[in-house]
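*Asks:* Listed here are the chains, written in short residue letters.
2 protein chains.
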Amino acid sequence: MEVASDGSADSIPPMPAETPNLKAEVSALISNKDFASLKQKLAPWLPADLAPILAELPIEQLAILFRNSSKELAAATFSYLEHGAKYRVLKMLTQPQVAVLLNELSPDDRTAFLNELPLDLAMQMLGLLTPQERQVAQSLLAYPEHSVGRMMTLDYVAVRPEWTVRESLDYIREHGYDRETLNVVFVVDERGHLIDDIRVRRFLLSPLDAPVRGLLDGNYTMLSPTDDRERALELFKKFDRVALPVVDENRKLIGIVTVDDMLDVAEEEATEDIQKLGGTEALDEPYTTIPLARMVKKRASWLVVLFLGEMLTATAMGFFEDEIAKAVVLALFVPLVISSGGNAGSQAATLVIRALALGEFRLRDWWRIMRRELAAGTALGAILGAIGFLRIAAWSFFSNIYGPHWMLVASTVGVALIGIVLWGSLMGSMLPLLLKRLGFDPATSSAPFVATLVDVTGLIIYFTVAYLIMHGTLL
Amino acid sequence: MEVASDGSADSIPPMPAETPNLKAEVSALISNKDFASLKQKLAPWLPADLAPILAELPIEQLAILFRNSSKELAAATFSYLEHGAKYRVLKMLTQPQVAVLLNELSPDDRTAFLNELPLDLAMQMLGLLTPQERQVAQSLLAYPEHSVGRMMTLDYVAVRPEWTVRESLDYIREHGYDRETLNVVFVVDERGHLIDDIRVRRFLLSPLDAPVRGLLDGNYTMLSPTDDRERALELFKKFDRVALPVVDENRKLIGIVTVDDMLDVAEEEATEDIQKLGGTEALDEPYTTIPLARMVKKRASWLVVLFLGEMLTATAMGFFEDEIAKAVVLALFVPLVISSGGNAGSQAATLVIRALALGEFRLRDWWRIMRRELAAGTALGAILGAIGFLRIAAWSFFSNIYGPHWMLVASTVGVALIGIVLWGSLMGSMLPLLLKRLGFDPATSSAPFVATLVDVTGLIIYFTVAYLIMHGTLL
Chain A
1 MEVASDGSAD SIPPMPAETP NLKAEVSALI SNKDFASLKQ KLAPWLPADL
51 APILAELPIE QLAILFRNSS KELAAATFSY LEHGAKYRVL KMLTQPQVAV
101 LLNELSPDDR TAFLNELPLD LAMQMLGLLT PQERQVAQSL LAYPEHSVGR
151 MMTLDYVAVR PEWTVRESLD YIREHGYDRE TLNVVFVVDE RGHLIDDIRV
201 RRFLLSPLDA PVRGLLDGNY TMLSPTDDRE RALELFKKFD RVALPVVDEN
251 RKLIGIVTVD DMLDVAEEEA TEDIQKLGGT EALDEPYTTI PLARMVKKRA
301 SWLVVLFLGE MLTATAMGFF EDEIAKAVVL ALFVPLVISS GGNAGSQAAT
351 LVIRALALGE FRLRDWWRIM RRELAAGTAL GAILGAIGFL RIAAWSFFSN
401 IYGPHWMLVA STVGVALIGI VLWGSLMGSM LPLLLKRLGF DPATSSAPFV
451 ATLVDVTGLI IYFTVAYLIM HGTLL
Chain B
1 MEVASDGSAD SIPPMPAETP NLKAEVSALI SNKDFASLKQ KLAPWLPADL
51 APILAELPIE QLAILFRNSS KELAAATFSY LEHGAKYRVL KMLTQPQVAV
101 LLNELSPDDR TAFLNELPLD LAMQMLGLLT PQERQVAQSL LAYPEHSVGR
151 MMTLDYVAVR PEWTVRESLD YIREHGYDRE TLNVVFVVDE RGHLIDDIRV
201 RRFLLSPLDA PVRGLLDGNY TMLSPTDDRE RALELFKKFD RVALPVVDEN
251 RKLIGIVTVD DMLDVAEEEA TEDIQKLGGT EALDEPYTTI PLARMVKKRA
301 SWLVVLFLGE MLTATAMGFF EDEIAKAVVL ALFVPLVISS GGNAGSQAAT
351 LVIRALALGE FRLRDWWRIM RRELAAGTAL GAILGAIGFL RIAAWSFFSN
401 IYGPHWMLVA STVGVALIGI VLWGSLMGSM LPLLLKRLGF DPATSSAPFV
451 ATLVDVTGLI IYFTVAYLIM HGTLL
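Quick note, the sequences are listed as chains A and B, same order.
Just so we're aligned, residue 1 is where the first sequence starts under my numbering, counting upward by one.
Just so we're aligned, residue 1 is where the second sequence starts under my numbering, counting upward by one.
A few of these clues could be false.
Said to hold, decoys possible - Below, simulated DSS-like cross-link-like pairs (lysine-lysine); rule was C-alpha separation at most 27 Å, straight line:
{"#": "1", "chain 1": "A", "residue 1": "K71", "chain 2": "B", "residue 2": "K326"}
{"#": "2", "chain 1": "A", "residue 1": "K238", "chain 2": "B", "residue 2": "K238"}
{"#": "3", "chain 1": "B", "residue 1": "K91", "chain 2": "A", "residue 2": "K238"}
{"#": "4", "chain 1": "A", "residue 1": "K238", "chain 2": "B", "residue 2": "K237"}
{"#": "5", "chain 1": "B", "residue 1": "K23", "chain 2": "A", "residue 2": "K238"}
{"#": "6", "chain 1": "A", "residue 1": "K23", "chain 2": "B", "residue 2": "K252"}
{"#": "7", "chain 1": "A", "residue 1": "K23", "chain 2": "A", "residue 2": "K41"}
{"#": "8", "chain 1": "B", "residue 1": "K91", "chain 2": "A", "residue 2": "K41"}
{"#": "9", "chain 1": "A", "residue 1": "K23", "chain 2": "B", "residue 2": "K237"}
{"#": "10", "chain 1": "B", "residue 1": "K252", "chain 2": "A", "residue 2": "K238"}
{"#": "11", "chain 1": "B", "residue 1": "K237", "chain 2": "A", "residue 2": "K237"}
{"#": "12", "chain 1": "A", "residue 1": "K326", "chain 2": "B", "residue 2": "K326"}
{"#": "13", "chain 1": "A", "residue 1": "K436", "chain 2": "A", "residue 2": "K297"}
{"#": "14", "chain 1": "B", "residue 1": "K238", "chain 2": "A", "residue 2": "K23"}
{"#": "15", "chain 1": "A", "residue 1": "K252", "chain 2": "A", "residue 2": "K237"}
{"#": "16", "chain 1": "A", "residue 1": "K238", "chain 2": "B", "residue 2": "K41"}
{"#": "17", "chain 1": "B", "residue 1": "K238", "chain 2": "A", "residue 2": "K237"}
{"#": "18", "chain 1": "A", "residue 1": "K252", "chain 2": "B", "residue 2": "K23"}
{"#": "19", "chain 1": "B", "residue 1": "K33", "chain 2": "B", "residue 2": "K91"}
{"#": "20", "chain 1": "B", "residue 1": "K298", "chain 2": "B", "residue 2": "K436"}
{"#": "21", "chain 1": "B", "residue 1": "K238", "chain 2": "B", "residue 2": "K252"}
Just so you know, these hints were derived from the structure itself, not from any lab.
Same shape as in the complex, but just chain A:
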């Protein structure tokens, strides 16, 4: 039983035995090759209702089922499979069977499937489509990646304002054999132009002879197929809808986008941002399955850029070589001091980048952010500076490790930390804003990127502070 296999349901008592369990029954009929009973069992159900249940059968049983069921049922079930499972099932079917299935798939599911195939396989699959379906598939694949057009489905119900509720419900009963999209009904004029969207519930709760026109409220929002999918995500969050209409430049309804796809979009967008923040290009495919060479390439590009930037630390250190030679003790604290600036910077960058992504503020608010970070950076720098000072002082109390001038060393580290942490916080917070202003993705200013910038400038701050404090004594 499906429910019992879910971890958290362990303590919940099992269902009474007389409750139907379609999946188990279908599975048994397939195992027994009792295809007559199977057809009988499936007949009273809508493909859309069976699909999520049947999609959990093993691959082998699915292939048998697809050969012995209607093409509508096969297509609906296919769309619920994971990408890998889809591919494996197709390989168990004959080419004519694959052709029937592909032509029956809903266009958005087909786009998503083709999109994940290698180009040569995708072309083979396109070749199996009827000219009409091929045109639909090619027009959807022509929209840019991550655009609304790529996620669009054409399985929506549209009615006309002059119809009655009864006529609309009859039309829905006749044309409603789709998956998720019956929750919203779209109202279009005689040329197919969108007039309004209405939740199906309103039809259910209205008198049957009321005209659809009386249900209109003029409140709807819409997408263009070239909109970025992030915009769709924003609108779904703002308007609490289960489906949004997509219109062309003449306001003609050409498809819809459904909320269940949005959870995947939200996840993929977060993954991209997280990977960029970690200092690597977005992988665009799972970590566990991406070919090693491609992953190394995506990681190496940023790593090399950071390395070249970090080389400036060697140059900066070179300028202070004499100071280091005179007071080797200064070198001991280089990693401590500059990494603290990098850490403060990476905190600030992460917070600002996420706040930007969530639309918490706009670029013109930069001064507010800068004031916040001035205050936060000074406070954080003072905390770390005090700890650094006390640590050196404490060690010097018990040993002679930092020499007779330990007080100067402690002061240098303490003062430099205040400056560097403040500097890191400012750089970390302003860099994403600058990148966005220049038209780049703010998430590019990753923790490692900010840390590298702060390392170089941090060295200059550190040795300048050292020079000012130690001039005439150690230096």
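Once you've looked at the hints, dock chain B against the given chain A.
*Replies:* Structure of chain B alone, referenced to chain A:
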């Protein structure tokens, strides 16, 4: 017009003038204080359908509307407002008006609203509730934060298997005055125990005299109120549902969770992970509005931990003080070499943490991950090592900056980079797995955390390589 105010719709021609625009009409009636016509205008509509439209009115108009409309409409509209707007509207109402509104709110909206208020205000609000509603509110607030119980709504429709489709539809027509939740109908037995969930579409498309029992498919999944909301998110992604039932330990249906809340959950969970990865505690409130002191506290705790860890670099450097004194040139490359290890580690940690969060692999796959990172780390280390070697060689070709032993310096940096980048990749990938194994959040092994660990060990690798290569010459 709402649509025109959306950026992307600019080029879409305006709606024909005769299309109704409820929001503008209602706004005009409120401005004219024509409350009789307002009541007449709103009368034929369901509160649930008006709410998202009216929620876009200005605050002042909303307050007037709430005083002049049914409590059902006021409550439904209120639930669509942003938290700040909710609070401002309430302040414009009298205490009895607030009490009526609060008592009418659906329990999950009330929980969410109370949850974001300061404790004293929340207590005042609880005091305005009837004993019965107060009990409901307190029982929901008693569930742990981020649990399914906190997001549960009680506005669902449940029918009985022995009813017919017609009886069910009549029941829905009578009890369906809620927001989003009519898309799924729950079937319960005489004691309220969950038997199945059925999409409302099936009722629409089935013969009116069919028994509900015939619509059951035994395929559903369910949540417990104490489940973490991340689990709900997973199930929604897996099962493509718009609502999932929540049952108590006896399988009794006690509420439902809807998909529109899941977009917010996905966003909040991603924000938490991103902030942790950036090396700060999750802020749990927007960056722009969190009080400065609280933000400094959340950032300082991690920054201090990292600082204390990074102090070990000074200790490690101290061990090699004599070597640095002999070959100051070694100190110049310390930031470059250890930061490269940190960058490689932060890449690996970020990729592994995200893959873990997405469920791409499990802990027992650690060996597969380690093999990948062994290969990737060696390749990345070799790339950076080669660049480092060539850079020092090139500089030495034109100047004497690295002295006569530049070849030894270049070799030390090149070899150390291979070892440190490999080490960073391994640490970065294994640390999240170790943290998870120990029961901590893997996102704790943030980029700065990994970088700090790699800094300390990287120094040891670097100076050990230097000792091996330069022993007898420079050292």
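*Asks:* Hey, K237(B) versus K237(A), does the alpha-carbon distance stay inside 27 Å?
*Replies:* It holds: about 16 Å lies between the C-alpha atoms, which stays within 27 Å.
*Asks:* Holds or violated: are the alpha carbons of K23(B) and K238(A) at most 27 Å from each other?
*Replies:* Holds, because 17 Å separates the two Cα atoms, which is no more than 27 Å.
*Asks:* Are K91(B) and K238(A) close enough, with their CA atoms no more than 27 Å apart?
*Replies:* holds (24 Å)
*Asks:* Regarding the pair K238(A) and K238(B), is the alpha-carbon distance no greater than 27 Å?
*Replies:* holds (24 Å)
*Asks:* Mind checking the alpha carbons of K436(A) and K297(A) for me, to see if they're no more than 27 Å apart?
*Replies:* Distance ~25 Å between K436(A) and K297(A) Cα, so the pair holds.
*Asks:* Taken at face value, is the distance from the CA of K252(B) to the CA of K238(B) at most 27 Å?
*Replies:* It holds: about 23 Å lies between the C-alpha atoms, which stays within 27 Å.
*Asks:* Within a Cα-Cα threshold of 27 Å, do K238(B) and K23(A) meet the stated pairing?
*Replies:* Between K238(B) and K23(A) the Cα gap is close to 17 Å, so the pair holds against 27 Å.
*Asks:* Between K71(A) and K326(B), does the CA-CA distance stay at or below 27 Å?
*Replies:* With Cα atoms ~80 Å apart, K71(A) and K326(B) exceed 27 Å; violated.
*Asks:* Hey, K252(B) versus K238(A), does the alpha-carbon distance stay inside 27 Å?
*Replies:* Distance ~33 Å between K252(B) and K238(A) Cα, so the pair is violated.
*Asks:* Below or equal to 27 Å on CA atoms is what counts here, so check K23(A) against K252(B).
*Replies:* Within the cut-off at roughly 23 Å; holds.
*Asks:* Starting from K326(A), check that the Cα of K326(B) is at most 27 Å away, please.
*Replies:* holds (12 Å)
*Asks:* Is K252(A) within 27 Å of K237(A), Cα to Cα?
*Replies:* holds (24 Å)
Violation of the numbered hints given earlier is confined to hints 1, 8, 10; the remaining hints are satisfied by the structure.
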